[in-house]
Amino acid sequence: MVKNFSRKSWVTLAIFGLLALVPPIAHAFDNSFLITMFNRALIYAVAAVGLDLIIGFGGMVSFGHAAFFGIGAYTAGILGTHAFDGSDFIFGWTGSNAALVVWPLAMLVAAFFGAIIGLISLRTSGVYFIMITLAFAQLFYFFFVSLSQYGGEDGLSLWDRNTLPGLDLYDRNTFYYLCFTILLAVWFFLSRLVASRFGRVIVGCKQNERRMRALGYDPLLYKLVAFCISAAIGGLAGALIANHSEFVSPGLLHWSRSGELMVIVILGGMGTLVGPVYGALALFLLEESLVSFTEHWQVILGPILILVVVFFRGGIAGFLTGNGKASIKSGDDHG
Amino acid sequence: MLLFLEQLLNGLQFGVTLLLMASGLTLIFGIMNLINLAHGSLFMVGAYVGATAIAHGSGFFLGLLAGIAAAAITGMAMEFVIMRRLYRRDHLDQVLATFGLILFFNEMVSIIWGRQPVAMNTPDFLSGTVELIPGAPYPAFRLAVIVTGIVVTGLLYFLVMKTRIGMWIRAGASNREMIGALGVNISLLYTVLFGFGAALAGLAGVMAAPFSAVQSGMGENILILTFVVIVIGGIGSIRGAVAGALLIGLTDTLGRVYIPDLMRLWLPPSVADGAGASLASMMIYILMAVVLAFRPRGLFQTHG
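Chains as they are written, first to last, in the numbering used here: chain D, 116 to 450; chain B, 4 to 307.
Bound conformation, chain B alone (with noise of 0.2 Å):
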């Protein structure tokens, strides 16, 4: 029951990175209507400078704040530079120029930090663990990941509806000419909008910095898990990217501790071990297919 309830966390603490992510991307391609590759780049951008500034003692919030700030210029830049020209393009334009910025942020992060994964540790003060119930010690930095996680997304929240802000961006969401025609710069909020996205990215990669090795490529892996999250979801829907973020990280950490026991009930543990360990490294996907061939447009599906 007690590793029930840690596992649960874990899950909860990867959904939490993945809804980060995922709101970031969804707002994006939820408004800009964009594709963007290279949002695993802007993940991998934060947690290189975050993991850098923190090992050169910066401290760690200076050291997260530093790697939020860069993965925000690199997105805003991104944007000013390439993007904007791939608004009105096929989705397929905007897959390959992804691609290929995927490339060059991977060779050039390579170049500036070398081949080896950068280390970074936790901080000090959330090295301890807490409490939750009696005789449940939980790590303190991970409970510190879900409560953050938790309120950026309600600050998002708000921000896109409650706000002036949040009710261009909907309404650029649904006609572009009509929000520019109406004195919103809309260039300039959408490049505000994608740094924020890039933002998120970056609190996302330097919070999941101290589990994941720091290196070339990493941006990769969550990016595809992102997308899975986003597509089960329902794409440019915020309940969906929520919903879908907690699915997948409780899924996929649940399968992986509890499918291969379940399978021991019906096969010898040999084979229940592989095939479990298989099968588990699967089921996101499998999920994701289960959705889709009932809901092709996911579980929260918006307009368009």
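Isolated chain D (complex conformation) (with noise of 0.2 Å):
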């Protein structure tokens, strides 16, 4: 057990290591679309992180996050817009462009619309919550596409990157390490999180709510709580990846998206924290190498995919910490 703990810790420590060298790595070969790529990893995973919050440690199977990333990329975007061309938002208000005002804000409409999609599909579960969560998306994903007035179907041009005192976001290394930095606030927030007694309630109850509530306990309060932060830090991330393309449109919030984000976790290894970051990075180094073989590489990653369900059990989490299980027997020949 012992040994176990620190060989876990110790990939961590490397994984985080290593993102740490990117920017300066990529100077070094003098490739600084690595850093725009890895960049682009670490966002989505931000959002992933929080997923597996609900996914790997609440049981609640969420196929509709990317309405929150959506959210909070449109929140970054709208706000800019009005902030840009100094116009009429509400109540006066002519948006902004600070950092410190956008990014909250994304956070906590994210956190509400959280609230009343959680509301809603708690009470449900297994399947159903899947599905409904899933149409929810579906919902915010139409609400975007007709919404006319912010690029409808055609998306969002940012007129400028947030500004942050004492940063210039539009530097790529500065980016980065902001990006960097909020990732590891993150994960070590979710990691506090869980290993308190509030995440102890969470991951009991996907264990057994009734011994939960009998125990004295409201599932649905801890769970929709869990829900609503998972959903802020998915505004969050989607407040960055506006940042980051300085562009947003509804694509961000289409199904696949949602599915993306699942199966990084999933690929990753769910219910470890850690285990999201790996799937973002080995999703987008997968992608990437196979774009540059074919431009038809979705046909070699939709297969890879289900060889990994199939075969590998706990993701590259389980795979590297020495915890995952091959599920079949011939598993161990390809692992």
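Think of the hints as simulated: they come from the structure by calculation, not from any bench. A virtual CB, placed ideally from N, CA and C, is assigned to each residue, including glycine. Heads up, some of the hints might be wrong.
Here chain B is said to cover these stretches of chain D; the calculated rule only asks that three of the stretch's residues, wherever they fall, bring their Cβ under 8 Å from a Cβ of chain B [what the hints assert, rightly or not]:
| no. | stretch |
| --- | --- |
| 1 | 181–189 |
| 2 | 237–243 |
| 3 | 407–420 |
Dock chain to chain to rebuild the complex, using the hints, since each chain is given by itself in its own frame.
Okay, structure coming up:
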């Protein structure tokens, strides 16, 4: 057990260390595209770590998490648009471009919709929960598609990246390290959270909701709070991706995006928090390398995902830390 | 009034297409407890193969058969190679694996047929109109879709409720060990059942092809609507699938036509059209939220 623990922390340390070294390595190879690519993976990792809180620990399989990602991104996009042209957004407020205003607001708005979606969805469970969250995400997708004032289907370009006192977010390195710091902070916060009494209750609800109720807890309340926290983190990641690509579109809320986030969590190893970080890196590296082979890279990625599901349980994190169980005998041959 | 009747029939026709998808999906889910996101891919395979066969002069019925057969074979191969490893797994694993299948099929289709949509015309003998009531011509093909859907669903209901195979299927849904112990080859039964569900998706695909562009990714839109149908109706219930499909088909079709008009009563036209269109496209999801808020397990909840 002690050995296992140390191996796990060592691997975690190694992955974060590696991520910290990406910019210098990229500069050494004179390939700044690497920074952009890894930055994207970092941002998806933020959203996926947040999703892992509810999937891996709470047993709430949300197939609509892209909704919060998109809501966060549109918050940044819409506020930025008004800040740029000085037009009225709401009650005479002309939006904002300050990260310290926009990002917390993105989290708040996402958490607010998370509360509404959660309240209705959490009345159901299992497959119903998967499908109802999917349907809610579609609802928001179509909302933004028909929001012609903010670009509708074509999306919305950000005129400026958000501003943060003392930092230049246009600088690749600065933005990369900012996202890296945010990922670390989110990861650290969630690790503390799942180790706390609150986290134990969430895990308890996943295992046996009736028992938790008998112990005097209100499972719905705990699950709802966890859902909102996860939504808020998704919103934050959305605001970051809006800044990263300087463009916001309904594509961010498309259901395949929710699927992608789930793939990241499961591929990396759900219920480990650090797993989604591996998952995001693995998926993006896989995509990038397959794209260089063939434009039809998805025809290879699909079967790879299936093989991972069938033969590796516990994902990459389980594999690296030796906790993964090969589910089928022949799995050992492939390991 | 005539417009309303026409829209009602259009809604019915859309509902029937959804019903074919939903009954296949809910049969597989209700009995094998398997979430198959790739059910939409089978719809797509049916549409592509059907449209291609017809474009090469096979004639409508042979094309229809080709589409159904292609979907059924694809479905059975899918079950045999991948799905049977996942019956006892978490729903999460099933979602991920079938998500991988979607990526595979979408890309495979664009490798074979290219990125451009494939067009399919309605067959000549169904390209006219029928006067249901005097003065109200209605496209014959749409009417044929409605009739086919109703007949097929009726047969399905009979098969599941009244025949011996149906009895095995229902028994397998309640207790798979027991039905296996009684000497039924359950693994064969499941492969066949999966193929049957796939055939229904293929049929829906060929019949929907003239109304929509046959292109990569076409399966997902209808898949999500099918999920909404099943969730509203109650997972595993054929009656629920019927109720859900008609409710969604009518709500979506009528909503798109009438909601903008209704909004014009309160709002200036320019605002009403935009808001109306956006509300109309969200309508079925709102309906689903309302239904589930009151009945979390759907309108016709089944066992378990």
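Each hint tested on the structure:
no.	hint	verdict
1	181–189	violated (count 0)
2	237–243	holds (count 5)
3	407–420	holds (count 9)
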